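Here the protein sequences line up with chains A and B, keeping their order.
Take 1 as the starting number for the first sequence in the numbering used here and just add one per residue.
Take 1 as the starting number for the second sequence in the numbering used here and just add one per residue.
One or more hints might be untrue.
Said to hold, decoys possible - When the alpha-carbon atoms are kept at most 30 Å apart in a straight line, the in silico DSSO-like pairs for lysine-lysine are as follows:
#, chain 1, residue 1, chain 2, residue 2
1, B, 251, A, 383
2, A, 372, B, 344
3, A, 177, B, 318
4, B, 342, A, 368
5, B, 246, A, 119
6, A, 368, B, 344
7, A, 284, B, 246
8, B, 339, A, 284
9, B, 251, A, 119
10, B, 251, A, 382
11, A, 331, B, 344
12, A, 368, B, 246
13, B, 342, A, 284
14, B, 339, A, 368
15, B, 318, A, 372
16, B, 318, A, 331
Hints listed in this document are in silico derivations from the structure and should not be mistaken for laboratory results.
Just so you know, these numbers come straight off a predicted model, no measurement behind them.
Okay, here's what each chain looks like letter by letter:
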Amino acid sequence: MKHKLFFHFPGMFFIPLFCLFSCGKSTRNSAFDQLDVVAELDVVAEKVMVHNSELIACDLTKLKDTVEIPLSYLVEDLQMIRLDNRNEALVGNSSSIVTDKHVLIRNNRQNPYKLFNTKGEFITTIGSYGQGPHEYLNVYDDWLDEETAQIFILPWQSNQLLRFDLQGNALEPIPLKYTAPKGKFCVNNKESTLSVFLLPFAGSPVVAWTQDFNGNMIDSIPAGHLAVQPDFSNEVLSNKNTREFDCSLFTFFEQRPDSLYHYNMVGNSLDPKFTLDFKDRAWKIHSYQELPRHFIGDVTVEKKLSDNITITEHPSNFIVDKKTLKGGFYKLYNDFLAGLPVEGWPSFHNGYYVWNVDPGELAEHLTKHLDKSKTLIEKDRKKLTDLLESIDENDNNYLFYGKLRQN
Amino acid sequence: MKRLLLLIIPLCLLFTACRNRKHHTEVLSEAARLSDSIPSQALMKLEEIKNVKRLSTAEQAEYDLILIKSMLRSGNKLSSDSIIHATTQYYLNHNDSAGLHQALYYNGLYHYRNARHDSAVLYFDKAVKSIPAGNDNDRKAGYKRAAGYSCLYLGDAEAAVKTQTEGLQYARAANDSLSVIHSLLSLAEAYKYNKNTGQSLETYRQVLDLIREREDRDMEASILNIVSGVYESDNRIEDALHYKNKSQQVKRNRQEVPAVNLYRALLFDKLDMHDSARHYAQLSIKGDNQYVADLAYAFLSKSEAKQGRYADALNLSKNSERIFNSFLSGIHSADMQQKYEKEKLENENNRLKIKQREHQFYLLMSAFLLLLMLIVLYFIRVNNRRKNEKTAHENRMIRLQHENLLLKQQQEISVLREKEAILRESLFKKISFFHKLPSWNREEHNHHEQQKIKITPHDWQELINGIRDAYPEFLDKLKQHAPTLSDDDVRFCCLLKINVNMQDLADIYCVSKAAVTKRKYRIKTEKFQIADNSLNLDTVLQQMQ
Numbered sequence: 001m002k003h004k005l006f007f008h009f010p011g012m013f014f015i016p017l018f019c020l021f022s023c024g025k026s027t028r029n030s031a032f033d034q035l036d037v038v039a040e041l042d043v044v045a046e047k048v049m050v051h052n053s054e055l056i057a058c059d060l061t062k063l064k065d066t067v068e069i070p071l072s073y074l075v076e077d078l079q080m081i082r083l084d085n086r087n088e089a090l091v092g093n094s095s096s097i098v099t100d101k102h103v104l105i106r107n108n109r110q111n112p113y114k115l116f117n118t119k120g121e122f123i124t125t126i127g128s129y130g131q132g133p134h135e136y137l138n139v140y141d142d143w144l145d146e147e148t149a150q151i152f153i154l155p156w157q158s159n160q161l162l163r164f165d166l167q168g169n170a171l172e173p174i175p176l177k178y179t180a181p182k183g184k185f186c187v188n189n190k191e192s193t194l195s196v197f198l199l200p201f202a203g204s205p206v207v208a209w210t211q212d213f214n215g216n217m218i219d220s221i222p223a224g225h226l227a228v229q230p231d232f233s234n235e236v237l238s239n240k241n242t243r244e245f246d247c248s249l250f251t252f253f254e255q256r257p258d259s260l261y262h263y264n265m266v267g268n269s270l271d272p273k274f275t276l277d278f279k280d281r282a283w284k285i286h287s288y289q290e291l292p293r294h295f296i297g298d299v300t301v302e303k304k305l306s307d308n309i310t311i312t313e314h315p316s317n318f319i320v321d322k323k324t325l326k327g328g329f330y331k332l333y334n335d336f337l338a339g340l341p342v343e344g345w346p347s348f349h350n351g352y353y354v355w356n357v358d359p360g361e362l363a364e365h366l367t368k369h370l371d372k373s374k375t376l377i378e379k380d381r382k383k384l385t386d387l388l389e390s391i392d393e394n395d396n397n398y399l400f401y402g403k404l405r406q407n
Numbered sequence: 001m002k003r004l005l006l007l008i009i010p011l012c013l014l015f016t017a018c019r020n021r022k023h024h025t026e027v028l029s030e031a032a033r034l035s036d037s038i039p040s041q042a043l044m045k046l047e048e049i050k051n052v053k054r055l056s057t058a059e060q061a062e063y064d065l066i067l068i069k070s071m072l073r074s075g076n077k078l079s080s081d082s083i084i085h086a087t088t089q090y091y092l093n094h095n096d097s098a099g100l101h102q103a104l105y106y107n108g109l110y111h112y113r114n115a116r117h118d119s120a121v122l123y124f125d126k127a128v129k130s131i132p133a134g135n136d137n138d139r140k141a142g143y144k145r146a147a148g149y150s151c152l153y154l155g156d157a158e159a160a161v162k163t164q165t166e167g168l169q170y171a172r173a174a175n176d177s178l179s180v181i182h183s184l185l186s187l188a189e190a191y192k193y194n195k196n197t198g199q200s201l202e203t204y205r206q207v208l209d210l211i212r213e214r215e216d217r218d219m220e221a222s223i224l225n226i227v228s229g230v231y232e233s234d235n236r237i238e239d240a241l242h243y244k245n246k247s248q249q250v251k252r253n254r255q256e257v258p259a260v261n262l263y264r265a266l267l268f269d270k271l272d273m274h275d276s277a278r279h280y281a282q283l284s285i286k287g288d289n290q291y292v293a294d295l296a297y298a299f300l301s302k303s304e305a306k307q308g309r310y311a312d313a314l315n316l317s318k319n320s321e322r323i324f325n326s327f328l329s330g331i332h333s334a335d336m337q338q339k340y341e342k343e344k345l346e347n348e349n350n351r352l353k354i355k356q357r358e359h360q361f362y363l364l365m366s367a368f369l370l371l372l373m374l375i376v377l378y379f380i381r382v383n384n385r386r387k388n389e390k391t392a393h394e395n396r397m398i399r400l401q402h403e404n405l406l407l408k409q410q411q412e413i414s415v416l417r418e419k420e421a422i423l424r425e426s427l428f429k430k431i432s433f434f435h436k437l438p439s440w441n442r443e444e445h446n447h448h449e450q451q452k453i454k455i456t457p458h459d460w461q462e463l464i465n466g467i468r469d470a471y472p473e474f475l476d477k478l479k480q481h482a483p484t485l486s487d488d489d490v491r492f493c494c495l496l497k498i499n500v501n502m503q504d505l506a507d508i509y510c511v512s513k514a515a516v517t518k519r520k521y522r523i524k525t526e527k528f529q530i531a532d533n534s535l536n537l538d539t540v541l542q543q544m545q
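Please work from the sequences and hints to get the whole structure.
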């Protein structure tokens, strides 16, 4: 069920040529210099010191060029897992966590969390849908800790962090000091502390706090100017792709200057690390994410469906290199799969790129790509065709994942 | 030329008619082909024929038949059956069995769709009868199947069985396994409604055998599901479950897994195997199908309540409600999304229409402005022409006036010259010298013999004075033009000036006329230095005033 897709990309042939011409100034592996498409872009940001924190401020007006970035630029390699096909293991296209040994697929309403190993074999369901003990409705954040072999689940509007072992047995939940309407968390098992960054409704005393596993407060950060209107149009974002607890607020209606922070638990501060400066342009819906070597984000345009329903369309994705401060808009394509376009919002979480896809959908993507692409070389076309032929629409979902490049 | 035109025009018309006919034939052929597979596209194809009334009767009947077929097969409603009747009548009148049976069939289908099943049965049977014996058994089987379903709608299951059996015979005669399968399925269903479960199941088994020969796993799984349903309706739950499981083994559809699990749960519940029922119900929840999950929660809640576990029942009931509300809001979102997409399309459509109208408007405006410009230019041109004509006329008038004036002036000058001449003559006549000249005095010297004229110095002086009086600038001009003129030459020139004739000159100078001529010539060439032979001295002197 596991297929390893090697680091195939058409540019391998040109490595020697590129090596001849490279300036050799990058500290990165020279084999990937040719992939550094961002290096061709202009400098779009500057480093600014804000309360002893180095903030990268990106100037929106300088983001002009659009580059096509291969997935291999961000991801080391791509693995493919065909998840266990038994009826009890069927999953939807839910958010997924990948660790060294496990794959955890988030619940889809009544369809509970399901745990697999990295071969795709189904292990167990985790918890169940409901409001009873150890049950959850909508989940906002989760975490699989290999060290302590525990799964942590934080539902919406929750005053406790649910815990399970890797056999699906419920453990004693951790009571939260404050109810989190929406929250992201970070568990420090060594020190038995839990840090939470939540969506601070107006009137909320804190935006982040650290506590012990008994619910006792250690330290907290007041909400202050970060408070938002008390509705669920906003989000809390955290990717945990680095060692830091990165967190940011995504506001839908209230457009305002904001930053991606590192929650400094030791110093009890939110250190701003990245911001997008709109200069004199109107603020648009935007969000930030942190990767090991880059900050990425998007600027979206909203469309109003009705008085109460608004959707977003046409996100423009941008990327900024943390070291060179070069950046621009980008489109991502999966060069491990012969240039298959990466659509929607790709998942970069916990140090991995993950794509959990229904086989029927995958077949559709592949077919469309094979039909539309006129530049596929024979080898790539064959690879995709073989993959397409191996797909059974009645299979369980397939999972593609790869570790994010750290340097 | 006229004859040529009379020949060419009919040829062109004939050619156009032939082309149109060929085009119509092609369109009808293509539409007929599409009506079997994509009836909606067939309808679009038929729209290429702009004027249906121009078709021949046969083509029109074909057009109508394709239209009826495509409308019914694409789910569109025919406003009335008049077109079907007309088409049927045409084929009947023309003994066209191929067209007739189709028209009759679609007539039946029209009534079937409008829930007039007795008429539907009638027309389906007529359709079968109108196909010649031994021909097209496959089609007859199809018509019989449709008639059989109409019988079921009429509640006459026995007639349905009979009709389907006949249909099966036709299908077997056609030697088409797929047709046989469909006929068997229809017959099995008719048996079921006729409460003949045994026969129904036996017939389904025959279908399964045929399907297995074709190795069609999808259809096999589908039939096994149907068989499960038949067993269930006959209260043979264990068999129903058996066939349901078999269906899943043959071909599992992952989308149906939650529903299948729930169905199993219900079957187990009917078998009073509540643990198994609960197990499968819980399994059915752990899928992505909210609708099934809602039903499963409701089922489990009832099950728990029956067991007296009211708290669990309540929780399950709440979950059911949550799921239900969740998919209601999902439906609402989907509905809003659909409305948005529809509005977006409509807006886009309207925007395109507005753009089109704008283009048309700009075109019209441009055309109007162009026309206006042309009109203005025309008027300007006309105006300019009028002005030019007026100016030309005025100029002509002025010119004429000038000419008139000139003429008048010339006239006046002539008169004045005449007067001048007369006055000169009068003046000269007063001078005694002139009396000596015969050419001046015709009355006094009216005798034949010319005598020598004796001119005294006083006479010469009188002449000079007279000349000076009559022609004040003559003498100066003489000196100017011919400064080498002697006095005698001057006197000679004066004589010439007053038109003394050759005889008188000869008499004055006592020379011959030839000598006078020579003298004139000499003075002209030597003194005046005029080489032009066409010009004589008399003329030169007369022109000097």
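Decide if the proposed pair is consistent with the structure: residue 251 (chain B) and residue 383 (chain A), CA atoms, cutoff 30 Å inclusive. 27 Å, holds
Given pair status - residue 344 (chain B), residue 331 (chain A), alpha carbons within 30 Å: With Cα atoms ~26 Å apart, residue 331 (chain A) and residue 344 (chain B) stay inside 30 Å; holds.
Do the alpha carbons of residue 368 (chain A) and residue 344 (chain B) lie within 30 Å of each other, as the hint requires? With a Cα-Cα distance of about 25 Å, the restraint between residue 368 (chain A) and residue 344 (chain B) holds, given a limit of 30 Å.
Decide if the proposed pair is consistent with the structure: residue 368 (chain A) and residue 246 (chain B), CA atoms, cutoff 30 Å inclusive. Since the Cα atoms of residue 368 (chain A) and residue 246 (chain B) sit roughly 35 Å apart, the hinted pair is violated (cutoff 30 Å).
Satisfaction of hint between residue 119 (chain A) and residue 251 (chain B), Cα-Cα up to 30 Å: With Cα atoms ~25 Å apart, residue 251 (chain B) and residue 119 (chain A) stay inside 30 Å; holds.
Straight-line alpha-carbon gap residue 246 (chain B) to residue 119 (chain A), limit 30 Å: Status holds; Cα separation ~29 Å.
Check the hint pairing residue 318 (chain B) with residue 331 (chain A) against an upper bound of 30 Å on the C-alpha distance. This hinted pair is violated, its Cα atoms lying about 44 Å apart.
Below or equal to 30 Å on CA atoms is what counts here, so check residue 339 (chain B) against residue 284 (chain A). Roughly 25 Å separates the two Cα atoms, so the pair holds.
Do the alpha carbons of residue 372 (chain A) and residue 344 (chain B) lie within 30 Å of each other, as the hint requires? The hint holds at about 26 Å.
Compare the distance between the alpha carbons of residue 284 (chain A) and residue 246 (chain B) with 30 Å, and conclude whether the hinted pair is satisfied. 56 Å, violated
Is the hinted pair residue 177 (chain A) and residue 318 (chain B) satisfied, with a Cα-Cα distance of at most 30 Å? Status holds; Cα separation ~28 Å.
Between the alpha carbons of residue 318 (chain B) and residue 372 (chain A), is the straight-line distance 30 Å or under? 48 Å, violated
This entry does not satisfy hints 7, 12, 15 and 16, going by the numbered hints stated previously.
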